[in-house]
Amino acid sequence: MIAAMARLWRIIAPIRTRLYLGLLVTIGASVVGLMIPQVLEVLVNNLNSSPTAATVWIAGGVVVALGLVEAVLLWLRRVFAIGPSTNTEREMRVRFYNWILDMPVAFHNDWGSGQLLSRAQQDVTQIRRWIAFGMIMMVSSAATVLVGIYMMSRSSILLAGIFLVVVPPIIWLTYRFQREFSILTRRSQDLNGEISTTVEQSVQGIRVLKAFGRSKQALEKFQITAGALRDNEVRKATTTARFDMFMMALPETVLGISLLVGLFQVNSGGMNVGQLASFFATATLVVGPTRMLGMLFGQAVNATTALERYFEVMDSENTIVSPDHPVAIDFANATGELVMEDVRFRFPDAAQDQPDMFQGVDLHIRPGETMALVGVTGNGKSTLLQLVPRIFDITGGRIIIDGVSVHDMDLDDLRRLTAFAFEDTTLFSSSVRDNVLLGVDPELPDAVQKEIAWEALHAADADFVVDLIHGIETRIGEEGFSLSGGQRQRIALARAIAARPSLLLLDDPLSALDTKTEERVIDQLKMVLDNTTTFIIAHRSSTVSLADRVALLDHGKITAVGTHQELLRSSPRYRYIMATNTAGSHEVNL
Amino acid sequence: MSGPGRTRGSSTRYTQMTKEERRASLRLLGSLLKPYKWQLVGLSTIVVLAQLASVASPAIIAWGIDNGIPALLEGNATPAVAASVAHIAAALVGGGLMYVFIRWNMTIGQHMLFGLRKRLFLHSQRLDMKFHETYASGRTVARQTSDMDALANLLNSGLDIMVGSVLQMVFTMVLIVTMDVPSGVVMAGLLIPATMLTIWFQKRSSVIYRQIQTNSARLISHFVETVSGIRAVKSYRRQRANGERYEQLAEDHRQSSLRSIQLFGIYQPTLRWLSTITIAAVLTVGGFRVLGDELQVGVLVALVLYARRFFQPIDEIANFYNTFQSAVAALEKISGLMAEESSVTDPEDPVELADVQGEIVFDDVSFRYDDELPLALHPTSLHVPAGQTVAIVGSTGAGKSTIAKLMARFYDVTDGSITLDGVNLKDLDMETLTDHIVMVTQESYLFSGSVANNIALGNPEASREEIEAAAAIIGADTFIQRLPQ
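As you go down the protein sequences, you meet chains A and B in turn.
The first sequence begins at 317 in the numbering used here and counts up by one.
The second sequence begins at 54 in the numbering used here and counts up by one.
Rather than coming from a laboratory, the hints here were simulated on the basis of the structure.
Don't be surprised by glycine CBs; every beta carbon is placed ideally from N, CA and C.
Hints should not be assumed to be uniformly reliable.
Claimed, not checked - With a straight-line cut-off of 30 Å between C-alpha atoms, the simulated DSSO-like cross-links for lysine-lysine are:
| no. | chain 1 | residue 1 | chain 2 | residue 2 |
| --- | --- | --- | --- | --- |
| 1 | B | 479 | A | 537 |
| 2 | B | 479 | B | 171 |
| 3 | A | 537 | B | 453 |
| 4 | B | 171 | B | 183 |
| 5 | B | 183 | A | 532 |
Claimed, not checked - To list a few chain A residues with every Cβ distance to chain B over 10 Å, as calculated:
| no. | residue |
| --- | --- |
| 6 | 321 |
| 7 | 413 |
| 8 | 515 |
| 9 | 558 |
| 10 | 566 |
| 11 | 620 |
| 12 | 628 |
| 13 | 632 |
| 14 | 648 |
| 15 | 653 |
| 16 | 680 |
| 17 | 749 |
| 18 | 848 |
| 19 | 873 |
Assemble the whole structure, with the sequences as input and the hints as a guide.
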C-alpha cells in the first residue's frame, strides 16, 4: 500500500501545490462551518439573560456571512484540486495506452482487451478520485472531527468525552461497510457481465438454439446466473441495511445519553443552555466527517488496488523492442528477399511436454518471387508469417530480409519493409480510404494518396467501393452499414498492397471469397505480385496457382519446396493435403 | 440466405409509444407488483414509522431543554430522563425499522426483477425466427440488459432513498410547522430558490452527463478497437498516430468531466449556503419570537437543528427523478417486447412420435416471409424416403435454405403441409420436433464454454467418446487436440 501510494506521490508532483491549497481551503471551510453553532450558543445565552433586538440581527447576519465564506471555500476546493487532477488522470491514461500499444502481441493475448480497458478506464478514474477527493478529504475530515470535538469540549468536557466514545466505532463500521460493499459490487458487476454474455449468445445464436431445441437449457443456465445476481444484491442490501441501522442508532443513542447528562450539567451549573445547544449542533456537524473518515479508509484500499493494477501493466517488460543501434535500411533498393535459417519458436505459455512449434525452419524466398505456404489446418502457418515482422519473436535461428536480420532493424523500418494481410480482417471504424491508406506515408499529396488507394482497391478487386453510400469516404462500422466477409477481406488486401512493401505477407487473403471472385482477384493480383516478393498462405489450389513456388510446412519444419507441379509429383504428403483441402472447401460451400 | 425484407418496418414499429403501449407497460408493472401487494402495504407502514423515528431527535431535545431543566430545578428528574429515554428509544427503533425496511424492500425488488428477467428471456427464446430477423438482435439484447439495469437502478438506489427522503422532508416540515408556524413559512419560502437551483442543476447536468457518456464511449471504443486490432496497428506502424488520437479523445473526455465537476462545484456550495441562510433566517425570526415570549429557547434550538437537515434530501430527490424516468422508459420498451407474439406455437394436443423413421413429405408447400412480399418458395412437393440423403441444388436465393428452415419450423408454411412420418410438423411439440430434426446452419455460431460443450449442444447427455467420435467424423479432431486443453 505504501509503495503504491509513494509512486502516486511522485506522479502528482506537478500538482502538489494546488493540492495543498485545496486542502487548506477545505479545512478552512470545515472550521468556518463549525463556527455557526458557536453563534447559536451566544444567541441562546443572550436570549436567556439580557435579550436585545440587535443581538438577534447580528447573529443572523454573522451566520449568513459565515455561510457565504464557507460556500466560497468549498467552491475553491474544486478549483484548486479537482481541475488539475483531471490532467493527471488524462496523462496516466494516455501513458498507459501508449505503453500497451508498444507491448508485443503476446502480451495482448495474455491480458485480453477487457482487462486492459478496465485498468485504463475504471482504475485510472478511481485513482483520480483519490487524488482530488480522497487524499484531501481524509486530512480535512480528520481536522474537522478534531476541531469539532475541541469545540464540544469547550461546552462540556464530559459531553465531548461521551461523544468521543462513538467516533472509533463509526470509523471502523464505515470502513468495514465500504470494503464489504465494494467487494459485493464488483461481484455484481461480474455477474451482470455474465448475464449480458448469456443474453447476447442466446439472441445471436438463436438459430442454433432453435435448430437444436436447446432454449430450455439456455434458460436454466441463465437462471443460475440471474439467481446468483439476485442473491448477491440481497446480500448487498443486507450489508447496507445493517450499516444504516448502526449509523442511525449509534450516534443518536449517544446523543440521547448526552441529553440527560447535559440537562443535569445545566442544572448543576456546569454549563449553560447555549452551550448545550451548540453541543448538539456541533455533534450533528461532526457525525458526517466521522463517517467520511471510515469511508475514506475504505477508498484508500480501493485506490491502492487500482494503483497496483495500473502499475502491474506499466511494469511488464517489453520483449519486442528496436535494437539500440539499428542498421540503416536502403528502402530504394530493398528487394524483400527473405531467408529463414533454422527458425525455432514456441509460445511462452506452451505446455512443458509440448515440442517447439517450429523446429528449425529453413526457407529462402528470392527477390520478386511469390512463395506459397501450404500445410494442414492449425499447424502454425500464420504464426510463421507473423514471425517476420516480429509480431512474435523467434526463440532460435535467424530471419533475414535483404541480408539484414530482422532483429537488427528498427521496428518501424521492419514494418515499413513488410505489409501484412491477416486472415481475420481487422478494419478500423474510419473511412474505407483511411483503412486502405493505413500503411501509406500521410505526408504524400492528397492526389497521390488517392491514386494509391484506388490502384490498390482495383488490384484487390474491391471496386465495389464506388457503389457504397459515400464511395471511398464511406465510414466502416457506422450503424446500419456493414460489409460482407469477402468485402472486408478485399479491403484488407488492398491495404496491404497500398503500403507498397518490399515483402508482402498474405495470410490466406482469399478464404472468404467465392470461386468467381477469387478468380478475378487472382488475375489482378498476379500483375501486382509480379515484382513484389510475396509470402502467401494458401489452402486452395487456386490460391497456390498465384505462386512461383510452394513450401510445405509439416510438423514444425519445411519438408518440401518446389513448384506446384513438382510437389504434386514428388510429395505424397502434399498431394494428400491439397486433396483434403480442396474437398473440404467444397463441403463448406455446399 | 437471409429472409427478404428482414429490415422492413422494424424501425418504425418499435420507436413510438402509443397510449396503448403505455397502458401495456403499466399492466406489466401491475402484474409484477400484484403478488407482493400485502408485503408492500407492510413496507409502507414500516418506512413511515422509521422516518418518524429518525426526525424525532431535535423535537425531543427541544422538549428536554424546555421541560427538563425547569423540572430539574424543582428537583424532578422525570422529564429529563423521559426525554433521554425517548431519544434513545427513537434511535434504536428507527435503526431497527430502517434495517427491516431496506432489507425487505430490496428482497422484494430483486425477486421481482429476477422473475421479469426470466420471463423476458424465455419469451425472447419462444419468439419465432420472423421476429428475430426483423427486430435487431442488439435491441433484443438491450431489452434484457441495459433496460433491466435501469429497473435495477430504480430498486437499488431509487426507491428507499426516494421514499425515505421525501418522507423525511415532509415530516420535518410538519414538525416545524407544529412547533412554530412563522419558522415553517420561512423555511418553505427558502425551499423555492433551493428547488429552482436544483432544477437548473439537473437540467444542465443531464446535458453534460450525456456529453460525458458520448465522450467516454468514444474513448472506450477507440481503445478496444486498437487493442483488439493490435496486429494491424503494429504491422502498419500506427502506434504514434493512434496515440495522438487517443490523447485527443482523452482530452475531450477530461473537458466534459471537468465541466460536470465545475457545475457541481457551483451547485453544491450554493445549496449549502441556502441551507445556512435558512439557519440564519430561523435564528433571526425565532430569536425575535423568543424576545416576544412567543417561543421557548429549546424549540429555537430544535428549529436550527432541523434547518440544517432540511435541504439534505433535495438533491437525492432530484436524482431519483432521473432514475425514475429512465426506469419508466425501460419498462415501456420491455413491455413492448413482451407484447410480441410468436406465430410458431405448440399445438394444443401434440402428437407423440414413438419410433421415428425420418420420412419427410412436402405437399404443395409454398412460403412467403411477409404478406406483402412475393413467394420465397413456390409451391413445392417433395418426398424424401426414410434414410435417404438428398442434396438440394440451386442458384443463390432460389429458396434452398428456406426449405431447410421450414423443416426445422423456424417458420410455418404459408400453404401446403410438411409431414414427418406422416405427421404434420404443426401437430408436433417443438421439443419433439427438435429431438428429431436438427439443422446445421450456415453461420458457425459457437457459445462460450468448452469445445466439448459446443459439440454436445444438440445432445447434452453425450458421452466423452461420442463427442470425440463426432469431432473425428468432420476431421476436427487433430486441431482440437492441439488446443491447450
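Evaluated hints:
Our distance criterion of 30 Å between C-alpha atoms is met by residue 479 of chain B and residue 537 of chain A, whose separation comes to about 28 Å. At most 30 Å may separate the alpha-carbon atoms for a hinted pair to count; residue 479 of chain B and residue 171 of chain B meet this at roughly 27 Å. At roughly 34 Å between alpha-carbon atoms, residue 537 of chain A and residue 453 of chain B are farther apart than 30 Å, so this suggested pair is violated. A distance of roughly 22 Å separates the Cα atoms of residue 171 of chain B and residue 183 of chain B; the hinted pair therefore holds under the 30 Å criterion.
For the hint linking residue 183 of chain B to residue 532 of chain A, the alpha-carbon distance of about 20 Å falls within 30 Å, and the restraint holds. Consistency note on residue 321 of chain A: stated as away from chain B, and its beta-carbon is indeed over 10 Å from all of that chain's, at 23 Å minimum. With a least beta-carbon separation of about 5 Å from chain B, residue 413 of chain A fails to lie farther than 10 Å from that chain, contradicting its non-interface assignment. Not every CB of chain B lies more than 10 Å from the CB of residue 515 of chain A, the least distance being 4 Å, so the non-interface label is violated.
Non-interface status of residue 558 of chain A relative to chain B is broken: a Cβ of that chain comes within 10 Å, the nearest being about 6 Å off. Chain B draws residue 566 of chain A into its interface by the beta-carbon criterion, the shortest separation being 8 Å against a cut-off of 10 Å. Against the 10 Å criterion, residue 620 of chain A stays outside the reach of chain B, whose nearest CB is about 23 Å from its own CB. With a least beta-carbon separation of about 16 Å from chain B, residue 628 of chain A lies farther than 10 Å from that chain, consistent with its non-interface assignment.
Every Cβ of chain B is farther than 10 Å from the Cβ of residue 632 of chain A; the closest lies at roughly 14 Å, confirming the non-interface assignment. The claim that residue 648 of chain A is not at the interface with chain B holds, since no C-beta of that chain comes within 10 Å of its own (minimum 19 Å). For residue 653 of chain A, the requirement that its beta carbon stay farther than 10 Å from each beta carbon of chain B is met, with the minimum near 20 Å. The beta carbon of residue 680 of chain A is kept farther than 10 Å from every beta carbon of chain B, the shortest such distance being approximately 23 Å.
Non-interface call for residue 749 of chain A relative to chain B: holds, since the shortest CB-CB distance, roughly 14 Å, exceeds 10 Å. Distance check for residue 848 of chain A against chain B: the nearest CB is about 16 Å away, which clears 10 Å, and the non-interface claim stands. For residue 873 of chain A, the condition that its CB be more than 10 Å from all CB atoms of chain B holds, with the nearest at approximately 16 Å.
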